[in-house]
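Novice: So you can see what is in the structure, the chains are spelled out below.
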Amino acid sequence: MPKDGGIGAATTRREDVRFLTGTGKYTDDIQTHAECAAVFARSTVAHGIIKSIDTSAAADMPGVLAIFTGEDFVEVGGNPAGWLINSRDGEPMKEPKRPVLAHGKVRHVGDAYAAVIAETVQQARDAAEMIEADIEELPAITNMKDALAGDNFVHDEIGTNQCFDWGWIEDNRAATDEAIKNAHHVTTLELVNNRLVPNAMEPRSSIGSYHPGTGDYTLHTTSQNPHLTRLLISAFVMGIPENKLTVIAPDVGGGFGSKIYHYGEEALVLAAAKKLGRTVKWTADRSEAFLTDAHGRDHLTKIELALDKDGNFLAFRTETHANVGAYLSNFATATPTFLHGTLMAGNYTVPLVYVNVKAVFTNTAPVDAYRGAGRPEATYSLERVIDMAAREIGRDPTDLRRQNFIKPDQYPYASAAGLEYDSGNYDALMDKMEEVSDKAGFAARRAESEAKGMLRGFGVNAYIEACGIAPSNLVGILGSRVGLYDAATVRVNATGNLSVMVGAHSHGQGHETVFPQVVAEMLGIDPQSIDIVHGDTSKIPFGMGTYGSRSLAVCGSAVVRATEKIINKAKKIAAHMLEAAEADIDFTDGEFSVAGTDKKVSFGEVALKAYIPHNFPLEDIEPGLEETAFYDPANFTYPSGAYCCEVEIDPETGKVRVDRMTAVDDFGNVINPMVVTGQVHGGLGQGIGQALLENTTYDENGQLLSASYMDYAMPRADDVPYYIVDHSQGNACTHNPLGVKGCGEAGAIGSPPTVVNAVIDAIQSGGINVTHIDMPVSPHRVWAAMNNAK
Amino acid sequence: MYAFDIERPATVADAVAALANEDAQALGGGQTLIPTLKARLASPEKLISLTGIAEMQGISSQDGTLRIGGGTNHATVASETGAIYPALAELASHIGDPAVRNRGTIGGSIANNDPAACYPAAALASGATITTNNRDIAADDYFQGMFTTALDEGEIVTAVTFPIPEKAHYEKFVQPASRFALVGVYVAKFADGVRVAVTGASNEGVHRWTEAEDALSANFSADALADLTVSADDLISDLHGSAEYRAHLVKVMTGRAVSKAK
Ligand SMILES: Cc1cc2nc3c(=O)[nH]c(=O)nc-3n(C[C@H](O)[C@H](O)[C@H](O)COP(=O)(O)OP(=O)(O)OC[C@H]3O[C@@H](n4cnc5c(N)ncnc54)[C@H](O)[C@@H]3O)c2cc1C
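Protein chains in written order, with our numbering: chain A, 1129 to 1918; chain W, -11 to 250.
Read the hints as simulated data drawn from the structure, not as lab findings. Because the structure is a prediction, the values reported are computed rather than measured. Using N, Cα and C, we set each Cβ at its ideal position, and we do this for glycine too. Just to be clear, a hint being listed does not mean it is correct.
Calculated Cβ distances over 10 Å to all of chain A for the following chain W residues [stated by the list, open to error]:
hint: 1; residue: V4
hint: 2; residue: G46
hint: 3; residue: F135
hint: 4; residue: S205
hint: 5; residue: S209
hint: 6; residue: L237
SDA-like, lysine to any residue: derived pairs with alpha carbons at most 20 Å apart [stated by the list, open to error]:
hint: 7; chain 1: W; residue 1: K239; chain 2: A; residue 2: P1779
hint: 8; chain 1: W; residue 1: K248; chain 2: A; residue 2: A1579
hint: 9; chain 1: W; residue 1: K239; chain 2: A; residue 2: A1912
hint: 10; chain 1: W; residue 1: K239; chain 2: A; residue 2: M1582
hint: 11; chain 1: A; residue 1: K1372; chain 2: A; residue 2: F1670
hint: 12; chain 1: A; residue 1: K1580; chain 2: W; residue 2: A210
hint: 13; chain 1: W; residue 1: K34; chain 2: A; residue 2: Q1250
hint: 14; chain 1: A; residue 1: K1580; chain 2: W; residue 2: K155
hint: 15; chain 1: A; residue 1: K1783; chain 2: W; residue 2: D226
hint: 16; chain 1: W; residue 1: K26; chain 2: W; residue 2: S48
hint: 17; chain 1: A; residue 1: K1783; chain 2: W; residue 2: L227
hint: 18; chain 1: A; residue 1: K1700; chain 2: A; residue 2: F1670
hint: 19; chain 1: W; residue 1: K26; chain 2: A; residue 2: Y1837
hint: 20; chain 1: A; residue 1: K1783; chain 2: W; residue 2: K239
hint: 21; chain 1: A; residue 1: K1580; chain 2: W; residue 2: D211
hint: 22; chain 1: W; residue 1: K26; chain 2: A; residue 2: T1248
hint: 23; chain 1: W; residue 1: K239; chain 2: A; residue 2: N1916
hint: 24; chain 1: W; residue 1: K26; chain 2: A; residue 2: R1785
hint: 25; chain 1: W; residue 1: K239; chain 2: A; residue 2: N1915
hint: 26; chain 1: W; residue 1: K177; chain 2: W; residue 2: E154
hint: 27; chain 1: A; residue 1: K1918; chain 2: W; residue 2: A235
hint: 28; chain 1: A; residue 1: K1783; chain 2: W; residue 2: H82
hint: 29; chain 1: A; residue 1: K1783; chain 2: W; residue 2: R167
hint: 30; chain 1: W; residue 1: K248; chain 2: A; residue 2: M1582
hint: 31; chain 1: A; residue 1: K1222; chain 2: A; residue 2: D1156
hint: 32; chain 1: W; residue 1: K248; chain 2: A; residue 2: P1779
hint: 33; chain 1: W; residue 1: K239; chain 2: A; residue 2: T1781
hint: 34; chain 1: W; residue 1: K26; chain 2: A; residue 2: A1835
hint: 35; chain 1: W; residue 1: K177; chain 2: W; residue 2: A126
hint: 36; chain 1: A; residue 1: K1783; chain 2: W; residue 2: A235
hint: 37; chain 1: W; residue 1: K26; chain 2: A; residue 2: D1156
hint: 38; chain 1: A; residue 1: K1697; chain 2: A; residue 2: D1717
hint: 39; chain 1: A; residue 1: K1402; chain 2: A; residue 2: E1203
hint: 40; chain 1: W; residue 1: K26; chain 2: A; residue 2: S1836
So here's chain A without its partners, still in its complex pose (with noise of 0.2 Å):
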């Protein structure tokens, strides 16, 4: 028990249900008595100063309740970074205020200076076309070099556009520029990571109350994290106690970590909401969505990969450029360090890296951790790397890999960035992904595209990443200033069935369906009489959030930690029930018995009689059956992969059409199949459309020009193909009770290289040498490089 729903288990998703029969309930369709709109009104220029605000004809307008403006928010604290970090001559990163609404300049396109809550949201629009603000426009400062060289500010307070310079491992540095000087071969390459608009289905949404006759405040809000919401309002932004704050997020319709981070429109509604004791809502509209949820990605990169005469791998040195945009977000110090800088090493026994970051303010929306957050920059430029390095020595570009290949018995295996990874098998991962993906058979597929008079390439790379974002001792070492760990609380009823109070938030990750199969597996019950209860810190004890792939690593070992002590403290009841000694209770498949005899009681008598202690010892058991525990890891956990694709290129207008795609991923043990298959397709979705189609563009005035579906283009079914996807291959992580690694980022990671690397590969088959293509990689930009090459 429970064989087809416990752990391995391919359990269909629970959530769906409700998903797919139109009765979620998100925070826009939480509907309040007495409940008005609020509207913000936000700068349709890249960089200015506010001269003035003129707020008295919207004042007068129709159900207009009240209008905020910056001035409003000066006594109130910033927004800060969670994440310190220091540059390489020791000086701690500038850190300029984030305020709820921009005072005295407005410093990107979408950069909200007031807010007008009416009765309705029509009066709210209406009354913020009528607000009148003098803004003097500055040149916009959209380009990271020229950021760096002028003097023109993105915040003056600082009299610099650089946030950081940072260098990892600065100690390697010197060493690392020897190797490279004195290699036998050295691969140089610059490329783009492109900006990404994170694009969840369902926009933000905010809702703000007061009750004016206990002092208590709650925000409903779109957030992978309530917790740490609850903490940055409560501690940095609005001072209002943790006990007086109540965060709760409902269902939300994907996040990919835009919705990690605490913005001001949530302490907007709770302000208004205070003055004037109303429950007040805020709904972005799309466009407000493409300006303002924090962006991923946008680095400018140099990668130098220096290799002995026989092909091994001798130094990566790195030189990015990280666009943070105009204010810090939460965590996008650390995404372009810690999540990137520490992966530089790769698969690889390379025994030398360095990394050098620049992170620049600019007049563009902020930069944050989108999926993947930094190791797919990591993965991107290495993958990238190393496949022009063996195309320039003539290697076959996975033999070279495969050389460098760090072996299984390596492990634990201290990485040249400074992480130890825990286990993996990278040769076995790519020789399942040759079987799978049928790599024998491109030859055949290459010949018939050519018939066609088309071009076929086919694009490999391995990746791994740190994931499971924890745990506290070491992320305190590179500068979190929270600790990173997770928390449960198992509640077993009085008629035997369960609550589970998560802190890791489930917004598209299945964990109401997961979490229960852990559970139902340990304790040998039906996991349908299991609950999972998220999102709401009135309820649950505590929770980091859900990013970094970390909600079954860490809060997943949380349940873990929490039900063995249900089993310790029902183990006690049941021996008091069947009158024995507790060392002889047997606990197996929900049954305690007593060890060489018939005598047992069922999970479900143990819990009634939790509830119902009579003569009980209660000296010895406390009433009750619920236990909680904090669970904070020994170190990140590692997955890793090899991932392969077939592309075709139709030479005469450089479309490209993703044919075949593998994903083959170690993500240790696997609780459901079908949920992780579910991921990976997910994550693949998104690195396609990164490598072809995502480009966000702000012009020389810092406007948005990819402001819409219109002209951003997501990526749809048929720019996607079948996908081939096995986990067969894991390695069960060592240092956490479930074997897991993680899995919600991976495909993300590990396929804009694949997909790239497969176009050169189709390109230069054709004849015609281009060695890079920046992503995304569309139907002109193939076409004007191999115009140019020819």
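Given chain A's structure and the hints, the job is docking chain W with the ligand onto it.
Specialist: Coordinates of chain W with the ligand only, in the frame set by chain A:
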């Protein structure tokens, strides 16, 4: 959106009368107009819906022509014209997505004359006649540049009549985000010559490529285009493609349209 009133006249005459009010605007399928209103980029006080006008619905054919009522949606054209004018049916079946095709109308598309829209290319290449509430306009006179047509204020497209060519094909290279035409070329071969209309490419909107028409009229094969070049002057350059790329695509798409014409 700003608040507006809506009227649903049952006849063209009533619609024309309602549109005499200068703050009124015609509403076809709303697939262009409604997003514009949502973004508060237009503020008509009154919308006059044309979709309830029976005389503007439906498809009929006679004497080698196909007449499509101005209020007919794309899905209907896609499903009902395949036997008689397959190139047009295929064009309609690739406009937008099912929701767009079930709402958007040929009259709305022709009236809007988006420089990347598909129907204008079909109308121009087929030498169609645009019928309004008070006149017939030849396609050659009707399309007058991006978003510009011969229609007067308040004039309604009630029907579009297509002469049916011997062979035709529309070849569309999609803009990756909107999936409108980055470049679309409609080639129509008639007994007395070939007409080629290009959409998506030019700052002047839909236009004919007369050199290709001459070459193809002499020899209806993709090879006939080999020596032609398309000038990038006045072609659109944007996020999705430069003028040079569009110029290149015009030729490639024309060749493919010729090869696939049937
Ligand atoms: C997601 C999406 C994808 C699309 N893809 C394509 C595509 O690939 N190719 C393509 O060609 N189009 C595409 N379209 C546009 C679509 O075809 C529209 O339906 C069409 O352009 C407008 O027709 P409508 O009936 O919706 O007009 P409306 O939006 O109602 O009106 C458009 C304009 O025409 C006026 N108007 C409407 N009907 C008449 C009439 N009978 N007489 C005079 N004036 C009138 C209106 O006043 C308004 O100014 C797409 C639209 C969307 C939303």
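Novice: Hint by hint, say whether it matches the structure.
Specialist: Now the hints, each set against the structure:
Separation of V4 (chain W) from chain A is adequate, the least Cβ-Cβ distance of about 31 Å exceeding the 10 Å criterion. For G46 (chain W), the condition that its CB be more than 10 Å from all CB atoms of chain A holds, with the nearest at approximately 31 Å. Non-interface status of F135 (chain W) relative to chain A is upheld: no Cβ of that chain comes within 10 Å, the nearest being about 15 Å off. For S205 (chain W), the condition that its CB be more than 10 Å from all CB atoms of chain A holds, with the nearest at approximately 24 Å.
The non-interface label for S209 (chain W) is consistent with chain A: the shortest C-beta to C-beta separation is roughly 17 Å, beyond 10 Å. Residue-level check failed: L237 (chain W) sits 7 Å from the nearest beta carbon of chain A, not beyond 10 Å. Using a Cα cut-off of 20 Å, the hinted pair K239 (chain W) and P1779 (chain A) holds, with the two alpha carbons roughly 14 Å apart. At most 20 Å may separate the alpha-carbon atoms for a hinted pair to count; K248 (chain W) and A1579 (chain A) meet this at roughly 19 Å.
With a CA separation close to 16 Å, the supplied pair K239 (chain W) and A1912 (chain A) stays within the 20 Å bound. Proximity of K239 (chain W) to M1582 (chain A) is assessed by CA-CA distance (about 18 Å); at most 20 Å being required, the pair is judged to hold. Note on K1372 (chain A) and F1670 (chain A): the hinted pairing holds, with a Cα-Cα distance of about 15 Å set against a maximum of 20 Å. For the hint linking K1580 (chain A) to A210 (chain W), the alpha-carbon distance of about 17 Å falls within 20 Å, and the restraint holds.
About 18 Å separates the Cα atoms of K34 (chain W) and Q1250 (chain A), which keeps this hinted pair within 20 Å; it holds. A threshold of 20 Å between alpha carbons decides the hint, and for K1580 (chain A) with K155 (chain W) the separation of about 24 Å lies outside it, so the pair is violated. Taking the CA atoms of K1783 (chain A) and D226 (chain W), the gap is about 17 Å. The hint holds against a cut of 20 Å. A hinted pair counts as satisfied when its Cα atoms are at most 20 Å apart, and K26 (chain W) with S48 (chain W) does not qualify at roughly 35 Å.
Between the alpha carbons of K1783 (chain A) and L227 (chain W) the distance comes to roughly 16 Å, so the proposed pair stays at or under 20 Å and holds. With a CA separation close to 28 Å, the supplied pair K1700 (chain A) and F1670 (chain A) exceeds the 20 Å bound. Between K26 (chain W) and Y1837 (chain A), the direct Cα distance comes to roughly 14 Å. Compliance with the 20 Å bound is thereby established for this hinted pair. A threshold of 20 Å between alpha carbons decides the hint, and for K1783 (chain A) with K239 (chain W) the separation of about 16 Å falls inside it, so the pair holds.
About 18 Å separates the Cα atoms of K1580 (chain A) and D211 (chain W), which keeps this hinted pair within 20 Å; it holds. Using a Cα cut-off of 20 Å, the hinted pair K26 (chain W) and T1248 (chain A) holds, with the two alpha carbons roughly 16 Å apart. The straight-line distance between the Cα atoms of K239 (chain W) and N1916 (chain A) is roughly 19 Å, inside the 20 Å bound, and the hint therefore holds. For the hint linking K26 (chain W) to R1785 (chain A), the alpha-carbon distance of about 34 Å lies beyond 20 Å, and the restraint is violated.
As the CA atoms of K239 (chain W) and N1915 (chain A) are separated by approximately 16 Å, the hinted pair is consistent with the 20 Å bound. At roughly 6 Å between alpha-carbon atoms, K177 (chain W) and E154 (chain W) fall within 20 Å of each other, so this suggested pair holds. With a CA separation close to 18 Å, the supplied pair K1918 (chain A) and A235 (chain W) stays within the 20 Å bound. Between K1783 (chain A) and H82 (chain W) the CA atoms are separated by roughly 18 Å; this keeps the pair inside 20 Å, and the hint holds.
Among the hinted pairs, K1783 (chain A) with R167 (chain W) is consistent with the structure: their alpha-carbon atoms are about 14 Å apart, no more than 20 Å. Distance restraint check for K248 (chain W) and M1582 (chain A): the Cα-Cα separation of roughly 18 Å lies within the 20 Å cut-off, and the hinted pair is therefore satisfied. Distance hint between K1222 (chain A) and D1156 (chain A) is unfulfilled; the C-alpha atoms sit about 36 Å from each other, more than 20 Å. For the hint linking K248 (chain W) to P1779 (chain A), the alpha-carbon distance of about 19 Å falls within 20 Å, and the restraint holds.
For a cut-off of 20 Å, the pair hint linking K239 (chain W) to T1781 (chain A) stands: about 11 Å separates their Cα positions. Restraint check: the Cα-Cα separation between K26 (chain W) and A1835 (chain A) comes to about 15 Å, which is no more than 20 Å; the hinted pair holds. Among the hinted pairs, K177 (chain W) with A126 (chain W) is consistent with the structure: their alpha-carbon atoms are about 18 Å apart, no more than 20 Å. Annotation: proposed proximity of K1783 (chain A) to A235 (chain W) holds, straight-line Cα distance about 16 Å (limit 20 Å).
The straight-line distance between the Cα atoms of K26 (chain W) and D1156 (chain A) is roughly 18 Å, inside the 20 Å bound, and the hint therefore holds. Proximity of K1697 (chain A) to D1717 (chain A) is assessed by CA-CA distance (about 17 Å); at most 20 Å being required, the pair is judged to hold. Proposed proximity of K1402 (chain A) and E1203 (chain A) is supported: the alpha carbons are some 16 Å apart, at most 20 Å. Our distance criterion of 20 Å between C-alpha atoms is met by K26 (chain W) and S1836 (chain A), whose separation comes to about 13 Å.
Comparing the model with each earlier hint shows violations of hints 6, 14, 16, 18, 24 and 31; every other hint is respected.
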